[in-house]
Amino acid sequence: MAASIAPECNDIKEKYDTCFLKWYSEKYLRGNTTSNDCEELFTKYKTCLNVVLKEKGIDSMLEDARKSTTKEFDAETLRRG
Amino acid sequence: MKVFSSTCTFDYSWEEVSTANWRKYCPWNDKSTHVVAVDTLSRNVDLNTGILRTERLITCIQSVPQWVLSLFGGSATSHVYEVSYVDPATKRVTMCSTNLTWSNVLSVREIVVYQPSLSDPTSSTQFSQEAKITALCGGWQKIKNKVEEASVERFSQNAKRGREGFEAVLEMSRRVFSEQREHDSNRLQS
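Residue numbers (my numbering), protein chains in the order written: chain C, 1 to 81; chain A, 1 to 190.
Honestly, the hints are just simulated from the structure, not real lab data.
Note that beta-carbon positions come from the ideal geometry of N, C-alpha and C, so glycine has one too.
Take the hints with a grain of salt, since some may be wrong.
Unchecked claim - Lysine-lysine pairs mimicking DSSO-like chemistry, simulated, CA-CA at most 30 Å apart:
| # | chain 1 | residue 1 | chain 2 | residue 2 |
| --- | --- | --- | --- | --- |
| 1 | A | LYS91 | C | LYS67 |
| 2 | A | LYS31 | C | LYS56 |
| 3 | A | LYS31 | C | LYS22 |
| 4 | C | LYS71 | A | LYS2 |
| 5 | A | LYS91 | C | LYS71 |
| 6 | C | LYS67 | A | LYS132 |
| 7 | C | LYS22 | A | LYS132 |
| 8 | A | LYS142 | A | LYS24 |
| 9 | C | LYS67 | A | LYS2 |
| 10 | A | LYS24 | C | LYS71 |
| 11 | C | LYS27 | A | LYS2 |
| 12 | C | LYS44 | A | LYS24 |
| 13 | C | LYS15 | A | LYS144 |
| 14 | C | LYS54 | A | LYS24 |
| 15 | A | LYS144 | C | LYS71 |
Stated by the list, open to error - Going by beta-carbon spacing under 8 Å, a handful of chain C positions derived as facing chain A:
| # | residue |
| --- | --- |
| 16 | ILE5 |
| 17 | CYS19 |
| 18 | LEU21 |
| 19 | PHE42 |
Isolated chain C (complex conformation) (with noise of 0.2 Å):
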């Protein structure tokens, strides 16, 4: 797995990564798609990754770039969908 832009978040990343993996292919592809089996770990993993990107001032440029392309980027599911 890829790591985090951020060292110390680095091992609960890959925990929550390998919880992902695992309920992508055994829950989600099929068909079990509302179990939240990961939910805690993301939780976590979020908490220090967001540190760092505040830190960093990626925060705001995240901000933009989601409010530049969140209507596009969902209209482009719905169309081909």
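Given the structure of chain C, go ahead and fit chain A onto it with the hints provided.
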């Protein structure tokens, strides 16, 4: 604006491809070394459609041409914001991305789609990619063209290496999965 597009087919089922896609940038992929980090920002499943929507931050270190660095300043680290949608009902993965870095001078919008191939939908997957690259810097059209050309060139090199690297990830994923299955069935038998 310049458009870069490409398509190719992977000889793996859509389920395998869409799973391996989550670890496209892992150590098994020794070709896409410009990607140094991939972080998941948010993830949710739409209750009505079952579509899994994921936001990720992708961090790259590029060897940027010196003239580009002199022109725009900045560092060789760049960030990409990606939103992906998995629709298990139609078996389609759509990944949309945009550059966060240098967004005041250059806009790179990419859309990648993975879906079962028409000729062999159960065991092969079609990949299609389209990127629109627009230089936004005011001023000379000549410079804009040069910036766009250099970006398209880099994009197409990365795309080629990305394909090669992803093939390696697919092969390893299949091997690990079958070993895991064997391990599980041995355990059941003993």
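Comparing the hints with the structure gives:
1. A threshold of 30 Å between alpha carbons decides the hint, and for LYS91 of chain A with LYS67 of chain C the separation of about 28 Å falls inside it, so the pair holds.
2. At roughly 27 Å between alpha-carbon atoms, LYS31 of chain A and LYS56 of chain C fall within 30 Å of each other, so this suggested pair holds.
3. A hinted pair counts as satisfied when its Cα atoms are at most 30 Å apart, and LYS31 of chain A with LYS22 of chain C qualifies at roughly 25 Å.
4. For the hint linking LYS71 of chain C to LYS2 of chain A, the alpha-carbon distance of about 23 Å falls within 30 Å, and the restraint holds.
5. Note on LYS91 of chain A and LYS71 of chain C: the hinted pairing holds, with a Cα-Cα distance of about 22 Å set against a maximum of 30 Å.
6. Our distance criterion of 30 Å between C-alpha atoms is met by LYS67 of chain C and LYS132 of chain A, whose separation comes to about 19 Å.
7. Only pairs whose Cα atoms come within 30 Å are accepted, and LYS22 of chain C paired with LYS132 of chain A is rejected, the gap being roughly 34 Å.
8. The hinted pair formed by LYS142 of chain A and LYS24 of chain A fails the criterion: a straight-line CA distance of about 36 Å is larger than 30 Å.
9. Restraint check: the Cα-Cα separation between LYS67 of chain C and LYS2 of chain A comes to about 24 Å, which is no more than 30 Å; the hinted pair holds.
10. With a C-alpha separation of about 26 Å, the suggested pairing of LYS24 of chain A with LYS71 of chain C holds against the 30 Å cut-off.
11. For the given pair, LYS27 of chain C sits about 41 Å from LYS2 of chain A by alpha-carbon distance, which is inconsistent with the 30 Å threshold.
12. A distance of roughly 23 Å separates the Cα atoms of LYS44 of chain C and LYS24 of chain A; the hinted pair therefore holds under the 30 Å criterion.
13. Between LYS15 of chain C and LYS144 of chain A the alpha-carbon distance is near 44 Å, which puts this suggested pair outside the 30 Å criterion.
14. This hinted pair checks out: LYS54 of chain C and LYS24 of chain A have alpha carbons roughly 26 Å apart, not beyond 30 Å.
15. Restraint check for LYS144 of chain A and LYS71 of chain C: the C-alpha separation of about 27 Å stays at or below 30 Å, so the hint holds.
16. Annotation: interface hint on ILE5 of chain C holds; nearest CB of chain A at approximately 4 Å, less than 8 Å.
17. For CYS19 of chain C, the suggested interface contact is broken, since its CB lies about 11 Å from the closest CB of chain A, more than 8 Å.
18. Taken as an interface hint, LEU21 of chain C checks out: its beta carbon lies about 6 Å from the nearest beta carbon of chain A, inside 8 Å.
19. The beta carbon of PHE42 of chain C is positioned within 8 Å of a beta carbon in chain A (closest approach about 7 Å), and the interface hint is therefore held.
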